[in-house]
Amino acid sequence: MHIVNLVVGRAVDLVLWPFRGLSPWFGLVVVSLLTALLMLEVYKLTSNQAAIRRAKDRIKAHLLEMRLYKDNMRVTLGAQAGILKSNLAYMAANLKPLAVMIVPLVLILARLSLWFDRAPLRPGEETLVKVELAASADPLSLDLRLELPPAVEATAPAVRIPDEHEVVWRIRALAEGRGRLLLRAGDRTIEKTVTVGGGPLTSVSALASRGSFVRRILYPGEPPLPGGTPVRTVEVLYPARRLAAFGVGVHWLVAYLVLSIAFGFALKGVFKVEI
Amino acid sequence: MSEYQRASLTRRDFLKAGVAASAVVGLGGAARLTPKVYGRARATKKMIVLGLDGMDPVLTRRWIDEGRLPAFRKLLEQGGDFRPLATSLPPQTPVAWSNFITGMDPGGHAIFDFFNRDPKTYVPVFSATETSGGSKTIRIGKNVIPLSAGQVRNLRKGRAFWQILEDAGVPATVFKMPSNYPPVESKQRTLAGMNTPDLKGSYGMFSYFTNETKAITQEAGGGGHAYDVFVIGNRVEAELKGPVNTFRTDAPEAAVPFQVFIDPENAAAKIVLQGQEFVLRQGEWSGWKRVRFNLIPTQSVHGICLFYLKEVRPKFKLYVSPIHMDPARPALPISTPESYARELERRFGPFFTKGLPADTSALDNGVLDEEEFLTLDNMVYEESMAMLEYELGRFDEGLLFYYFSNADQRQHMFWRLIDPGHPAYDEKLAARFGDVIARTYGEMDKALDRTLRKADRDTVVLVMSDHGFNTFRRGFNLNTWLLQNGYHRLQRPWKQEESSFFDNTDWSKTRAYGMGLSCLYINEQGREGQGTVAPGPDKDNLVLEIARKLEALTDPMTGERVVLKAFVSKDAYRGKNLEMAPDIVLGFNRGYRISWQSPLGGFPKEILEDNTQKWSGDHMSAPDVLPGIAFANRKFTAEAPALHDLTASVLGVFGVEKPEDMIGRNALE
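Sequence order for the protein chains is A and B. So the first sequence is residues 1 to 275, counted in this note's numbering. So the second sequence is residues 1001 to 1669, counted in this note's numbering.
Keep in mind the hints are simulated off the structure, nothing from the lab. Be a bit skeptical, because a hint or two may be false.
[Stated by the list, open to error] If you only want the chain A side, here are some residues facing chain B, beta carbon under 7 Å, derived:
| no. | residue |
| --- | --- |
| 1 | LEU128 |
| 2 | ALA156 |
| 3 | PRO157 |
| 4 | ILE161 |
| 5 | ARG170 |
| 6 | ARG172 |
| 7 | LEU174 |
| 8 | ILE275 |
Every value quoted in this text rests on a predicted model; they were computed, and no experiment measured them. Note that beta-carbon positions come from the ideal geometry of N, C-alpha and C, so glycine has one too.
Only chain A is shown next, with the shape it has when bound in the complex (with noise of 0.2 Å):
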């Protein structure tokens, strides 16, 4: 799992790289637009375009039916109940395609959540680092240390919360720079990144976990934490990142469907894919 983020999160990483400098809505454009693109091909290639397109053909002749022959009742709905047949055959036609396209769609949203999702702190900005133990593990008795890059100090003694089985950190960003967080666990060591200042466009990665196949996958930005520790994550708690557009905050997310719903419909015509 961890060569396959590795390989999107390369390519997601090659892709913003140039917009680091400016506004996210130019990295999410482009983003969007290399989307749709990749849909498109990946539709064009694992749907059955002439079932969807017969399936299409059906609906618009029983619309027209039932536009034509309105006032029989038994027509219309005859029509109504070919319309419905023909929907579920286009459904079925998207089955695979979808079932195909989540795959790559799940990893590249996850990837550019660590761009889109979270904004790094600022110089002078507070926040909080988590740390979540195995259920068995009691932070009283814990030998645990966390060590700071030189561009973060801890402005907090930890908080040991038995009942959470957790710590907390409150730290504070001191200058710009990417550095690592050391968590010393008796003789081992884990490391979580830290991201301060940056671009505009700045990826960071808010936690890192040793748990499940899905966690890996949702939060790609680190390498999972080692065996053998009673930490199963480390989390940084980075501000939200909302994108504005016209004065109103819209979450990345729905930016990112939006747009590359619309560029998929703009340019089906171009690829000749029916959808």
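Given chain A, work out where chain B should sit, using these hints.
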């Protein structure tokens, strides 16, 4: 953009600018676009007015002479002028600033006191604003659905000077003007000041979560609540109370649960509130935290508050500030245009929106100590300075009015420490905090320094305060005095001290009552609900009789007169809006003020009592002994200008004619 730059803009530049602007708007730059101040014509004159609430002329003069206020001294040395500024009757903040806003006295703007009363029911009401719910509602089960919107109304009469400037095409920015809530209709940039409530609709209600016994004395219109909590397994579960949920028939307080996780050894805790997680050490303040109160699935109100972890052990003590309206999504109007508050929020993040942000109640009740109170009020000051810098940075035409509350609030709370004769004087505290007031004047001096640096030769700079200050050693129980002198009658005299809100008053035998901080009313037939005194000669004679007796009253403990002057309002005020005016306005002697219980219909046993509270400085004296300050970088033409003269002076600077009902006269050269 200067005139020169405007003139030199070519067509190509224009097209480039247009394309760039489109890209900026389309790609999220809209947030940076800010509304322009209104004005039909570019103003040729410029004026900056600093409103420094409560600055006293005697103290100011003394500290200028001692070299502690270099900016004030510089202003005078560079051809400026200084006058004591005649204050309002009574010299209360909402009254005084209303004088300045309208250029009238209370007879014109109809704000006579912090409180007024409904004459039919004798119930006290806020004098400056009126809030009403939707007039028509329907009930569905336990839900109340309003069919019309509620309303909040500014009761001040008369036009504000920035409205008059607007008509004349002079742009203005008016920052936190007291007594301007809700802000009056205007296209000028204005942000509401004092009287702006917190999210609960009060003047400020803090929350204090603790497992020690704590009683909080409630104040009229504000105060706080102590909530008992339990620390179980180093964990505290509590609820932050918000506004009353009027969408429910039982009108419960909306509440938001939060948890505190205390480290078993370290003096620190993590707080979780609506998905926000933050760590506080003991003795540490949080930054602003947003909180959302859901009333019904489609309706919620948004607030902001500060947390202060006072102690984790042996006792748990957590202070939460009054919940301010979130300037990004205010539940009620706090600015004109509405986008101005949002613009400031985008620039500075959440900021203090409640009228007077210093939590004097928390200090009075010992929930915050002097150091903690000052830390909080210093946040207010720092925020004010940052916003002043911002407004000065973009000020290039018209008028900028900018307000600071710190001097007023700190003099109220720290006067006891510069007055060894005060009942609450504490030698140790005086050694630590005896210079707070002087330092605060120094901070106001810094604000003036920033302003003078910005002002060019064409800019008129005016520095003003609404009133001066003096000590508040003894409280006068007006209603008790009326009772003992036979003007007031109780139904159950043996329950005198338990009375409040006149719940024990026999109105059929009462001839006069006190309400508010300076006001005395005759129980007049036809005006009051159960009036006993006929209007005309009967009432006039009674007014004169009471006024004469009040002026003759002396304090047996000091031998000093309590009331220097009892003003008969129909003689003291000009204007046509006297229907809600009190009949007598009390002008106290130095050191005296109305007591804590009398303003809302209480009857303590003694007529005079020591003020042992930390609220120890005040400004209820007769106006003649309590002037404010007026400094300008121009000469004053009047020997003793008054607040309403400054209004006319502002209009005069821009060559705008004053309206007929404005009583002030231009006092600037």
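**Asked** Given PRO157 of chain A as an interface hint, is the shortest Cβ-Cβ distance to chain B below 7 Å?
**Response** Result: holds, 4 Å to nearest chain B Cβ.
**Message:** Tell me if the interface restraint on ILE161 of chain A is satisfied: Cβ within less than 7 Å of some Cβ in chain B.
**Reply:** holds, 5 Å
**Asked** For the hint on ARG170 of chain A, does the least C-beta distance to chain B fall short of 7 Å?
**Response** Holds, about 4 Å.
**Asked** Given LEU128 of chain A as an interface hint, is the shortest Cβ-Cβ distance to chain B below 7 Å?
**Response** holds, 6 Å
**Request:** Report holds or violated for the interface hint on ALA156 of chain A, using the least CB-CB distance to chain B and a cut-off of 7 Å.
**Result:** holds, 5 Å
**Prompt:** Would the stated hint for LEU174 of chain A survive a check requiring a Cβ distance to chain B of less than 7 Å?
**Reply:** violated, 18 Å
**Request:** Return the status of the interface hint for ARG172 of chain A: holds when the least beta-carbon distance to chain B is below 7 Å, violated otherwise.
**Result:** With a minimum Cβ separation of about 11 Å from chain B (threshold 7 Å), the hint on ARG172 of chain A is violated.
**Request:** With chain B as the partner, please determine if ILE275 of chain A meets the hint condition of a C-beta pair closer than 7 Å.
**Result:** violated, 27 Å
In summary, the structure is inconsistent with hints 6, 7, 8 from the numbered list given earlier, while agreeing with the others.
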